[in-house]
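Q: Chains as they are written, first to last, in this note's numbering: chain S, 1 to 285; chain D, 1 to 292; chain B, 1 to 270.
Just so you know, the hints here were simulated from the structure itself, not pulled from any lab data. A few of these clues could be false.
What the hints assert, rightly or not - Covered stretches of chain B (in silico footprint by chain S; criterion: 3 or more residues with CB under 8 Å from a CB of chain S, positions within the stretch not fixed):
1. 84–97
2. 102–112
3. 118–132
Stated by the list, open to error - SDA-like mimics (lysine to any residue), calculated; alpha carbons at most 25 Å apart, straight line:
4. B:85 - S:169
5. B:85 - S:166
6. B:133 - S:215
7. B:133 - S:77
8. B:133 - S:60
9. B:133 - S:146
10. B:133 - S:142
11. B:133 - S:149
12. B:85 - S:172
13. B:85 - S:160
To be verified - Chain D is nowhere near these chain S residues, computed Cβ spacing over 12 Å in every case:
14. 172
15. 178
16. 192
17. 198
18. 213
From a predicted model like this one, the values you see are computed outputs, not experimental measurements. Positions of the beta carbon are idealized from the N, C-alpha and C atoms, including for glycine.
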Amino acid sequence: MVDILRHNFVQNAFLAGVIVASISGFVGYFVVLRGQAFACEALSHIGFAGATGAALVGASSLEGMFLFTLLAAVGMGALGKRLHNRDVEVGMLLSFVLGLGVLFLSIYTRKATGAVGVLFGSILSVTTKDVLITTGSGALILILMAVLFRPLLFASIEPEVAEARGVPVQQLSILFLILLAISVAVAVQVIGVLLVFALLVVPAAAAEHLTHRPWLAMALSVLISLTATLGGLILAFIGRWPASFYIVSLTSLFYFIALILRALRFPRRYREMPHPSREMLPPST
Amino acid sequence: MFAIFEYPFMQNALIAGSMVAIVAAVLGYFLIVRGLSFAGHALSSIGFAGAAGAVLLGVSPIYGLMVFTVTASMAISILGREVRERDVATGVIMTFALGLGVLFLSLYHGYAEQAYSILFGTIVGVSRADVVFTFLLGLILLAVIVIISRPLLFSSFDVELAETRGVPVRALGGVFLILVALAISITTQVVGILLVFALLIGPSATATRLIHQPFRAIVLSIVLGLAYTWLGILLGGNSPWPVSFFITALSFGVYLPVRLLSKGIDSKRSAAGFEKRSGADFNLASKKAYRG
Amino acid sequence: MNKHSAVRKIMRNIRTQGPIIQLEQVDIQLGGRIILQDIDLSIQPGEFVVILGPNGAGKTTFLKLLLGLIQPASGSARVLGQPPKVGSRLIGYAPQHRAFDVELPLRGRDLVGFGLDGHRWGIGLPSRSRREKIDQALKEVDGLHLADAPFGQLSGGEQQRLLIAQALLTDPRLLILDEPLANLDLAYQQDVVSLIDQVCRTRGVTILLVAHDINPLLQVADRVIYMAHGHSAIGSPDEVITESNLTQLYGSPVQVVHTLGRYFVVGAEV
Chain S
1 MVDILRHNFV QNAFLAGVIV ASISGFVGYF VVLRGQAFAC EALSHIGFAG ATGAALVGAS
61 SLEGMFLFTL LAAVGMGALG KRLHNRDVEV GMLLSFVLGL GVLFLSIYTR KATGAVGVLF
121 GSILSVTTKD VLITTGSGAL ILILMAVLFR PLLFASIEPE VAEARGVPVQ QLSILFLILL
181 AISVAVAVQV IGVLLVFALL VVPAAAAEHL THRPWLAMAL SVLISLTATL GGLILAFIGR
241 WPASFYIVSL TSLFYFIALI LRALRFPRRY REMPHPSREM LPPST
Chain D
1 MFAIFEYPFM QNALIAGSMV AIVAAVLGYF LIVRGLSFAG HALSSIGFAG AAGAVLLGVS
61 PIYGLMVFTV TASMAISILG REVRERDVAT GVIMTFALGL GVLFLSLYHG YAEQAYSILF
121 GTIVGVSRAD VVFTFLLGLI LLAVIVIISR PLLFSSFDVE LAETRGVPVR ALGGVFLILV
181 ALAISITTQV VGILLVFALL IGPSATATRL IHQPFRAIVL SIVLGLAYTW LGILLGGNSP
241 WPVSFFITAL SFGVYLPVRL LSKGIDSKRS AAGFEKRSGA DFNLASKKAY RG
Chain B
1 MNKHSAVRKI MRNIRTQGPI IQLEQVDIQL GGRIILQDID LSIQPGEFVV ILGPNGAGKT
61 TFLKLLLGLI QPASGSARVL GQPPKVGSRL IGYAPQHRAF DVELPLRGRD LVGFGLDGHR
121 WGIGLPSRSR REKIDQALKE VDGLHLADAP FGQLSGGEQQ RLLIAQALLT DPRLLILDEP
181 LANLDLAYQQ DVVSLIDQVC RTRGVTILLV AHDINPLLQV ADRVIYMAHG HSAIGSPDEV
241 ITESNLTQLY GSPVQVVHTL GRYFVVGAEV
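Bound conformation, chain S alone (with noise of 0.2 Å):
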């Protein structure tokens, strides 16, 4: 089993994922918390369309995609509040940049393949090159998240307050929104545009489900996305199916045994505490 590992394709495959993997369980632990889960369907139907066209012109899919989606996360970060509470809207754009996508594979039928690729994940066929451009991006999105932390965690709960402690509460959505594009867009080479879903919000939900220690929940983020990523992996390496498929199908697990383990913990509505030592409340509604 271990000597698969000599081969330069599964190499890839595993740095590939495990890179992909960590980006999106810290970057993903901001995207639950803002509620921006939308914004991450967006970004890779955009991106869609983006790795299609990008067959029209020769260039590779990754190149396209992150065109796209830089493009798209600006966009939106310029539209700003006005996003919010929005998915009529969000989801006619959605339709209509994926309408772009299906005319480019028609267009072009014979990288129809690819498309799937895109559309499904291929990790199995990631390039080096590829590789490297993800370990670049990953290595920029690591540092960025770190000094990026604090204000951005205050940012997201305390908007008002934030803003008013001097920090550029406008100018760092539009940075995140930049991150999570290129989160998205090597995202999509390990598990496709219809599925990112599973690993950009479903690891950070089931972590935040567990825990309230923002630093625990993003650790907790990125391991339940790296073990998913790699068992799936293995998974695929072993079985026939899909890398893909068992990606998710992994995620999906973590999580409803999180909300499990989060009922076993927590059976009631937590309660407003006594004061230790206070005898008489004030009456509660």
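Dock chains D and B against the given chain S, drawing on the hints supplied.
A: Same frame as chain S, but now just chains D and B:
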């Protein structure tokens, strides 16, 4: 250009497409008014798994679609109480279903066209049997909607009042979602599972921006839906490009200027102290259906 | 620091400092629209000032001016002797109540901790002194038992207490609170009011508090700023909340009934 309509396959496409457009427009109106557009997204993804599974089993995809979407809609009705929980949980289930669909597709070694048609729709390849089925199912759906339209409308705009008047709000909601599930199944034939949103939500999203009276808004949605579908089939039939693309492009192309320009209507109304807004802004089922 | 030196320090601060807030003929505009005009007021250190007025009167905009988030269209504004600037550690701020997600993955102490270093770059390593400072702030608002509780699941009153603790962490001279009593049960309102009053008296912090109803604050408010329809008036509650003042402010007839130790403003939205 119009000579193409002499071909039976184009006639089939028109008939099936028209029925689908009408059903989608009507149900889409209620989806928007009830703030459930994300549910449409989720159901279509789940349907994808069903369709792909059906293809794997050698059955026509639409049956798989129907089984999966109806089951999912019932599950959503039963489970969905807490909104935020519903967002992510639905997303998880939806993603898992997509994953299943991916699996089924990859296992299927038959004609790739089946897979392609599920994803992107091939209304111009629809068979006579399919047309009959679509037409009949569409009629049934429309009949049910007409029957429940008034209490459904009531409970969509004012849940508490409707409840006190004896409207079975929860049961209606459940029935409605089942109707949506079935509508998605037939809409998929026209535009494919990925683009259902364009035909299901697009026309009504546009109409509700322009007209705030329910009945007239629905009529406009139907008109728009039919227009997009006919034009889409016409353009798609005469060019190598897919029908689903044209429908989507038309849907979005009309929606965008309406959305941007109709802001004037809304802000004028709110400045006049007009409290209740109808249409795309009225979010009954959840204040934050899909944030972000 | 023992009580004596603490009191001396406070008295020294109050004596040597000029007004905490000084506005002269300030106009505030937003998007071309005049929100408030001709604001003239001067607030001394240690004062407990309540800002009243109907919705949309510009109270929150006024606070934003003091926080340096917007500039005055004309006139001069000085906070703590300087033109208002963003990020001043000497101002503590708790904005209008936001409905926090019940599932928010954050503990009480995490939220309070934002007040200390939420705005600094980097990850921030846990340190004992940091933890002690946060515990201290929690103790001061009587919220130590809430430290490890999930913030989203606390009651409105508890959340408000922690938000105040957060605002107090940098030892501010001025505490700005935007509608801290909104959405609170009457009993919790009294709790929060006493807490704020305590902070004001023992620490000598100047309080600027926006409220909808003066009544819970009658016992503690030194002065009242009433804002309506672009104008404002400042004075003691008895001076400001009079029929002639309010009628002039609103531009339409207002009746004020002062009975049972409470004010009832009738004929206009409060």
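Q: Which of the numbered hints above does this structure break?
A: 7, 8, 10, 16, 17
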